[in-house]
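Read off the chains here:
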Amino acid sequence: MHGLSFDIAHLLAGSLVVVSFLELYQDRLLALIHIYAVHALVLTLSVAWQAFIHDAPHLYITALIALAFKAVAIPIGLRRIIIRLGIHREIDNVVGVGLAMLTGIGLVALSMVVMLRVTAEADPLAREDLAFALSVVLLGLLMMVTRRNAVSQVIGFMSLENGLVLAATGAKGMPLVVEISVAFSVLIAFIVIGIFLFRIRERFDTVDIQALDRFRGERR
Amino acid sequence: MVTDALIAVAALLLLAPAGIVLASSPIGRPTVYGASLALALLLATVGIVSLSGQHNSNVTLPLGLPWLGAHFRIDALSAFFLIVINLGAAAASLFAFGYGRHEEFPGRVLPFYPAYLAGMNLVLLAADAFSFLTAWEFMSLSSWALVIAHHHLRDILRAGYVYLLMASFGTLALLFAFGLLAGTSGDYAFAAMRTAPPNAGFAALVLILALVGAGSKAGLVPLHAWLPLAHPAAPSQVSALMSGVMTKVAIYGFIRIVFDLVGPPAWWWSMPVLLVGAITAVMGVLYALMQRDLKRVLAYSTIENIGIVFVALGLALAFKANAMNLAAALAMTAALLHVLNHSLFKTLLFCGAGAVLASTGERNIERLGGLIHRMPRTAFVFLIGCVAISALPPFNGFVSEWLAFQAILVSPQLSSWGLKLMIPAAGALLALSAALAGACFVRVYGVTFLSRPRSEAARNAHEVEGVSIVAMGLLAVACLILGIIPGFAIDALATTTQLLTGGRMPAQVGVAWLSIVPIAEGRSSYNGLLVFVFIAVSAMICAFAIHRLASDKIRRSAIWDCGFPDASPMAQYSGSSFAQPIRRVFCTLMFRAREIGEMPPPNSTSPARFTAIVYDPIWDTLYAPLVQFISFSAEKLNALQFLTIRRYLSLVFAALVLLLLVLAAWP
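Quick mapping for you: the protein sequence lines, in order, are chains S and E. The numbering used here puts the first sequence at residues 1 to 220. The numbering used here puts the second sequence at residues 221 to 887.
Chain S on its own, in the form it takes in the complex:
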């Protein structure tokens, strides 16, 4: 378990966190989608490596699903959407990048402290995995909160889900059925959100969520 295999697993999970930070930093939509594809790719590699070292063939299926849907299908779909909407050059941020990054670092530290304390007697690989997964989830949530464009919120949601999958593969014995259903739910969420994006766009000429708020008569 220890030695190289552990280090590689650690490296892949850690890079997922780093890619999450890249997403957090990137405020151009098109680049954001590309980074999300990288995010999903790293997740695929991580899951596949887990499958290899744990000798769990069903995890390969999970990895395959992640690769096909998250790394390929969804980014291509999102890319098409924003090009058709003509917003691929838009810049989207509510909070400053520096502040968002600092908050993200704080969140990663928090999840490390919590997870390493709570799972004191667990398998070391699972501990690291869980801590990284929690960081990815929190960073995804942070992204949903700090962005106001619906597309970036969708991406935040998807990377949050990537964190969940990472946690699930770290915990041995999660049934394949659950993973498949989670993957499908994400796909459905993607479709629904895509349809909504077009509807919103038709109605309001923008996918900036603030326009919706203005429409509801909210004052900032």
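Hints in this document: simulated from the structure, not taken from any laboratory. Treat the hints with care, as some may be off.
Part of the chain S face toward chain E, derived, beta carbon under 10 Å [stated by the list, open to error]: (1) R28; (2) L102; (3) I105; (4) G106; (5) L110; (6) R117; (7) L141.
Below, a sample of chain S positions facing chain E; criterion: calculated Cβ distance under 10 Å [claimed, not checked]: (8) I61; (9) L64; (10) L67; (11) S111; (12) V118; (13) V137; (14) L138; (15) R147; (16) Q153.
Bear in mind that the values here come from a model prediction, so they are computed numbers and not experimental data. Don't be surprised by glycine CBs; every beta carbon is placed ideally from N, CA and C.
We have chain S; now place chain E onto it with these hints.
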């Protein structure tokens, strides 16, 4: 035995859908009440057989939580309460057999009545926290449905709402109490809780939570607010059950937790119980004296009696903590006997109030009067109930209160000075409440049944059905028998007190002439039979003497007829007039009672006016600010319903981070 009881409960539950089907048919009422009567008698028999504690048995059904199952058990404590509950239920069912004819909407009562009985019995049978709480809530909800049966009338829905709120609050407290009792192992079976009592701090918390949870159901001041609203609102047979019987289920819950599950008591535990009990007793009876609604007077009097029971329970706790087992058994016997007695005479009185309501349509005692001529049988049994609840010999109320006072007289042997000072004070309050209860029921009986009718409805009253009279008569006979030969009841309670306090009172049946001797012959003894015979004989001699010596003489009446020739019946001495001295003495400070008399100016023909204003101190100082606070904060929080998606997400995010921070900072 448990199996038999469970089958009977299941039959009661099956009776509920039958009630729905049969509600509109003429056989619905006899079927439901007749079957309820039979099943209640069966359950009471189970209780009597199990009272000796010889037939303890467990049944575990695969219901409820999957890893726990539903445990049921009858021990001496639940057996005693099974008797209390089901005797009351049987009497109320028999009463309703006739009285149910006056029900306007049988479809709203018949389905819930057997379900309500089943819920109360299940609480007694449950032997794990999950079944206990489920049954407890079932009992609350089914009684709530009965309370709002006449929801077209004014204030009934509000009564139901307040009742629902307080019932949920009480259950919440009990839920926490059981959570603490289960501890970290999380085993919710009573047997497991008994073997692993919580540490001292948690045990004290359990006591407080039990006092709040069971106390809110029983009607302890200041958690009583719902009781005088909800009990009178229900149909009368249900009022009788709620007041006479359901409050006893609450007492059972308190005893089960505090005397059985939580382990040995600490020395100070008795203090809050005594304090709350004594305050409840006095406040309850003072409230009762202020009321004009007959059923509401009875509901407040229930609060008073619950206070008496809790004082006795507090005494038992004090003695138990000081290892004075005999005295603890004495106090516990007093509490349990008062539970039984109160269930009998309160059921009787509520049935009587229902009879009055059915024949006159009137609950306001200021508009009744003279009913002793129109409803002589009801008047007679109601009188017995009034005498019994006023704790006058030779009836049963006297015995249990006398035993409570005997226990108070043992208290100087306690070691703690706080208790030595507190128990006599509680005893003084108890004596005060007993005296005021006497005044209260003189007022109720005098104004309702004596004097001249104050309204057309009272003038045209008629006697109720024979079956209802029989039900009340049986209760009255039970009151008398328990008053004359209490020794049998005391001996039957020995197993229960042994279980709860580790002691038992000396056997009473062997004592000569059916006396009862709680501690020692030289100290005190009471012979109900002797008192009964003496009262009967002296009353007969008096009646004879008056009829032979006084009534024989020629009587001449004065011309002016004492200023009372044929004035309006409203000019008679009224309930408010009767309560006025007590209102002035006791209620000026606490209830801020004020009287405003307006005299017309000279030469004016307008009438003089007299207004008495009474505030409810508990409602004004406790509930009104609470309601205000809740509506204020609800208004502030209302803004949360109109946030943007991003703000909702931020809220969730902030909550998650906050929880993680707490987890990280947890020692």
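Comparing the hints with the structure gives:
1. R28: The hint is violated - R28(S) has no Cβ within 10 Å of chain E, the shortest such distance being about 20 Å.
2. L102: violated, 14 Å
3. I105: With Cβ-Cβ at 13 Å, over 10 Å, it is violated.
4. G106: Holds. Min distance 9 Å.
5. L110: holds, 6 Å
6. R117: holds, 7 Å
7. L141: Hint on L141(S): holds, closest Cβ of chain E at ~5 Å, below 10 Å.
8. I61: violated, 30 Å
9. L64: violated, 31 Å
10. L67: violated, 29 Å
11. S111: holds, 7 Å
12. V118: Where the cut-off is 10 Å and the nearest Cβ of chain E is about 7 Å from V118(S), the hint holds.
13. V137: Check passed: Cβ of V137(S) comes within 9 Å of chain E, closer than 10 Å.
14. L138: Because about 7 Å separates L138(S) from the closest Cβ in chain E, which is inside the 10 Å limit, the hint holds.
15. R147: holds, 8 Å
16. Q153: holds, 8 Å
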